[in-house]
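> Below, each chain spelled out in residue letters.
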Amino acid sequence: MRNLATLLFLGGLVFLLAAITGTLPFGHPPMLVGQAIQQAAKPEVGAANVVTAVVLGYRGLDTLGELAILFAAATAGGLVLGGVQAKGRNNALPAAGFVLRAGTDVLFPLLLIAGLYVVIHGHLTPGGGFQGGVILAAAFFLPLLARPSESLSHIWLSVIEGLAGTAFIALGLGALYNGDAFLTPLFDKGMFGELVSSGSLPLLYLAVGLKVGAELSSLLMRLAHDDGAAS
Amino acid sequence: MMGVAIIVVALTLGAALAVLLLENLLAAIAAASAVSLGVAVMFVLLQAPDVAMTEAVVGAGLSGLILALALRRLGLARLDVPTSGENTDA
Amino acid sequence: MTDVSLAAVLPLLGAFVLPLTRHGILRPLGPVIGPILLAACALILFAAWSAYDVPYAVALGSFAPPMGITFYIDDLALLFALAVPLTTLVLWPGESDPAATGRQSLTLLLAGSLTGLALSGDLFNVYVFYELAAVASYGLVVGDGRSPAYVAAFRYLMISALGSVVGLIGIAIIYFKTGTLNLADLSTLSGELADPQGMAAFAMLVIGFGVKAEAFPVNGWVPEVYGAVGKRVAALLAGLASKLAVLVIVRILILVFPHDETRQLLLVLGILGVAVGELAAWQARDIPRMLAWSSIGQLGVVFVAFSLPGKAGVIAGVTVAMHHLVVKSALFLLADRWDRAIESLKGAASTSRIGAALFVLFSLSLLGLPPLPGFWSKFLVLGGLAASASPLQLLAMGTILAGTVIEGAYLLRVVVTFYARPDAAVRVPGQRAGNLLGAGLFALVLLTAAVMINPLWQGLEVLAERAVDTNGYQHTVLGDREAGR
Numbered sequence: 009m010r011n012l013a014t015l016l017f018l019g020g021l022v023f024l025l026a027a028i029t030g031t032l033p034f035g036h037p038p039m040l041v042g043q044a045i046q047q048a049a050k051p052e053v054g055a056a057n058v059v060t061a062v063v064l065g066y067r068g069l070d071t072l073g074e075l076a077i078l079f080a081a082a083t084a085g086g087l088v089l090g091g092v093q094a095k096g097r098n099n100a101l102p103a104a105g106f107v108l109r110a111g112t113d114v115l116f117p118l119l120l121i122a123g124l125y126v127v128i129h130g131h132l133t134p135g136g137g138f139q140g141g142v143i144l145a146a147a148f149f150l151p152l153l154a155r156p157s158e159s160l161s162h163i164w165l166s167v168i169e170g171l172a173g174t175a176f177i178a179l180g181l182g183a184l185y186n187g188d189a190f191l192t193p194l195f196d197k198g199m200f201g202e203l204v205s206s207g208s209l210p211l212l213y214l215a216v217g218l219k220v221g222a223e224l225s226s227l228l229m230r231l232a233h234d235d236g237a238a239s
Numbered sequence: 007m008m009g010v011a012i013i014v015v016a017l018t019l020g021a022a023l024a025v026l027l028l029e030n031l032l033a034a035i036a037a038a039s040a041v042s043l044g045v046a047v048m049f050v051l052l053q054a055p056d057v058a059m060t061e062a063v064v065g066a067g068l069s070g071l072i073l074a075l076a077l078r079r080l081g082l083a084r085l086d087v088p089t090s091g092e093n094t095d096a
Numbered sequence: 065m066t067d068v069s070l071a072a073v074l075p076l077l078g079a080f081v082l083p084l085t086r087h088g089i090l091r092p093l094g095p096v097i098g099p100i101l102l103a104a105c106a107l108i109l110f111a112a113w114s115a116y117d118v119p120y121a122v123a124l125g126s127f128a129p130p131m132g133i134t135f136y137i138d139d140l141a142l143l144f145a146l147a148v149p150l151t152t153l154v155l156w157p158g159e160s161d162p163a164a165t166g167r168q169s170l171t172l173l174l175a176g177s178l179t180g181l182a183l184s185g186d187l188f189n190v191y192v193f194y195e196l197a198a199v200a201s202y203g204l205v206v207g208d209g210r211s212p213a214y215v216a217a218f219r220y221l222m223i224s225a226l227g228s229v230v231g232l233i234g235i236a237i238i239y240f241k242t243g244t245l246n247l248a249d250l251s252t253l254s255g256e257l258a259d260p261q262g263m264a265a266f267a268m269l270v271i272g273f274g275v276k277a278e279a280f281p282v283n284g285w286v287p288e289v290y291g292a293v294g295k296r297v298a299a300l301l302a303g304l305a306s307k308l309a310v311l312v313i314v315r316i317l318i319l320v321f322p323h324d325e326t327r328q329l330l331l332v333l334g335i336l337g338v339a340v341g342e343l344a345a346w347q348a349r350d351i352p353r354m355l356a357w358s359s360i361g362q363l364g365v366v367f368v369a370f371s372l373p374g375k376a377g378v379i380a381g382v383t384v385a386m387h388h389l390v391v392k393s394a395l396f397l398l399a400d401r402w403d404r405a406i407e408s409l410k411g412a413a414s415t416s417r418i419g420a421a422l423f424v425l426f427s428l429s430l431l432g433l434p435p436l437p438g439f440w441s442k443f444l445v446l447g448g449l450a451a452s453a454s455p456l457q458l459l460a461m462g463t464i465l466a467g468t469v470i471e472g473a474y475l476l477r478v479v480v481t482f483y484a485r486p487d488a489a490v491r492v493p494g495q496r497a498g499n500l501l502g503a504g505l506f507a508l509v510l511l512t513a514a515v516m517i518n519p520l521w522q523g524l525e526v527l528a529e530r531a532v533d534t535n536g537y538q539h540t541v542l543g544d545r546e547a548g549r
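From first to last, the protein sequence lines are chains Z, W and R. Letter by letter, the first sequence follows residues 9 to 239 of my numbering. Letter by letter, the second sequence follows residues 7 to 96 of my numbering. Letter by letter, the third sequence follows residues 65 to 549 of my numbering.
Please note that the accuracy of each hint is not assured.
As the list claims (entries may be wrong) - Now the in silico label distances, taken between C-beta atoms and shown as ranges:
1) W/80 with R/222: 15 to 25 Å
2) Z/109 with R/211: 38 to 48 Å
3) R/259 with W/29: 46 to 56 Å
4) Z/43 with R/452: 38 to 48 Å
Keep in mind that the hints were calculated from the coordinates and are not lab data. Yeah, the Cβ is synthetic: ideal placement off N, Cα and C, and Gly gets one too.
I would like the entire structure built from these sequences, with the hints used as guidance.
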């Protein structure tokens, strides 16, 4: 009965959406702002990756909001997980097999480099702080799976997280000091397509990457440990 | 190009169906990750590499990991299919 | 340096920094960071109100408006934005248990996001801030760490996530039809959204933002959550967060969908909210649930008020919303220690005379006893409805009047219980000094408003005039080049 009701509801929703969107001109949206940004992004922001120009330049405040949402979710997760008391379980993961341990030794440096590359080249190639940050978190989570006894320090992770978040906002506030609006890109735009270009955007993405990485690794570690060892 | 797209869509839909039908929860999570991977390939085909990367990293990687860890916390992460009535908590 | 965007950013900064104060040399800073930053935000907003000529727009990142994100600052935005840090300061969670840092971080995030909701002039930015407010409030609800709160939080999470998806689809439809997200730009294109698809998009936005605004079909989480969580959190969500969500809906209504159909949608939802909320509050057996249902009813009145066309609607709506913000926050504060069935509170007045007296004061204002501001708010709504008496509006009038009668019945029942002869078997707990102080501050605001009704009225007239001036909004944000499109 309940399944039937769910199915009916979903069917209705799909029908409604189909009825609404069916008459829209599919594939030919009016690119009012999109067109303007595509033309203006190169001279105004100077990032080779237009997506980054939008994410950190035109819609920088949204990115700060997303960072804050992730932070809120991690904090809420911490409140829930920290509150659950151990019920006599062993609090570490079971010991890992040979394949996992050997694989971790090979993959850890590779993941680290891949993550950092994606973060640092966010303004030039696809990717950026969020994606790279997740890769970094995965890199630091692997050793935890392979060798449960040696874990990262929660204090250091929260320090990195807090400092990275502060750095993002500080870069935004720096523009206020110059008399511009919040989050105006700082510094010279540099040569288009160079690693050091498009002003403060790479720094912003570095802050995003570190914050996301530290936040997610600490969340994964809390999840992996069964109890108060995480709090 | 079109052929690749059709294959990817078929695989994605198959994986999505598998999520619903699989009895084993860990396997269902793996299938859910496969759905995300298929969607990521679709994004690449539609020339949105940034979105594809996010989908692959978050959808296929991270969310699967978090779901699996949550299952483990709940004591439901086991490879054999639990029969009904069996107490699953360790 | 007193840029108004700081008011939305500083709380976020505080939230990021707070976890650092858990260890090491920063430890003594921990308890004071939040209140100091909130006070700074209030000062910044106050300075922005007095020092500059409103309305004006801030282009964040210095990118020209339709491309970048803009903040639009007028009296309406500043009034609601100023209410955020002030109310949060009164309701600040000042405990010092290990989880307190987390709760304080989340409270700061909530304050920052709500300020952002008041100031933002960009549809997607509004959505981001709304999501932030939603996630922060899930955290605050589970932050209590009691199992009823977990269950309530889970239901809240489900309803809110569904609402967010629906709202996001609405935004997507709007973007797909117009190609822009800037509210000023959308307002110049509102003609393109005056078709069934546009109306559907508006309905979806109302459902999406309505989850927090406790709008009729998506408010199932309200009594459960407010019953289960700490009453300071309930006061924040019922008093403050719901008002900011209403403000977002009203901004979209005025700027982008100024049609009769959209107003009627709000009117119908409002009528249903009043009817359901007041009837359920009458049935409720414990104080928090009664207040929760009554808050749904009051937000129904807010929706009815904002559905009135033109200046009258804004004046009535702002009055009802602000009145409810003050009164319901204070009532939830008083319910903190009286968090139980109504019958078991017999003789509460003898344990806490001040608490009971404040409860009576707020109840009377909620009912609309003449010298108190509650009277003016109801008077404005009913007057507005009578002025344009269509059948639906007469129905709304009848519902609100009937709702007031029911409201009187259940509030007086509580008051009578308070002043009844105490039951020897049951000991009613007294009020905590901090909660009494908070409620006293709210009472002070209420009484000041009652005395200064004349200057407030003049201020509201100006506020409403600027709020409904869509041409002014377009000019302020976009400059002269776009206004004729």
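> Against this structure, judge whether each hint is valid.
For each hint, the structure was consulted:
{"no.": "1", "hint": "W/80 with R/222: 15 to 25 Å", "verdict": "18 Å, holds"}
{"no.": "2", "hint": "Z/109 with R/211: 38 to 48 Å", "verdict": "39 Å, holds"}
{"no.": "3", "hint": "R/259 with W/29: 46 to 56 Å", "verdict": "47 Å, holds"}
{"no.": "4", "hint": "Z/43 with R/452: 38 to 48 Å", "verdict": "43 Å, holds"}
Hint violations for this structure: none, all hints satisfied.
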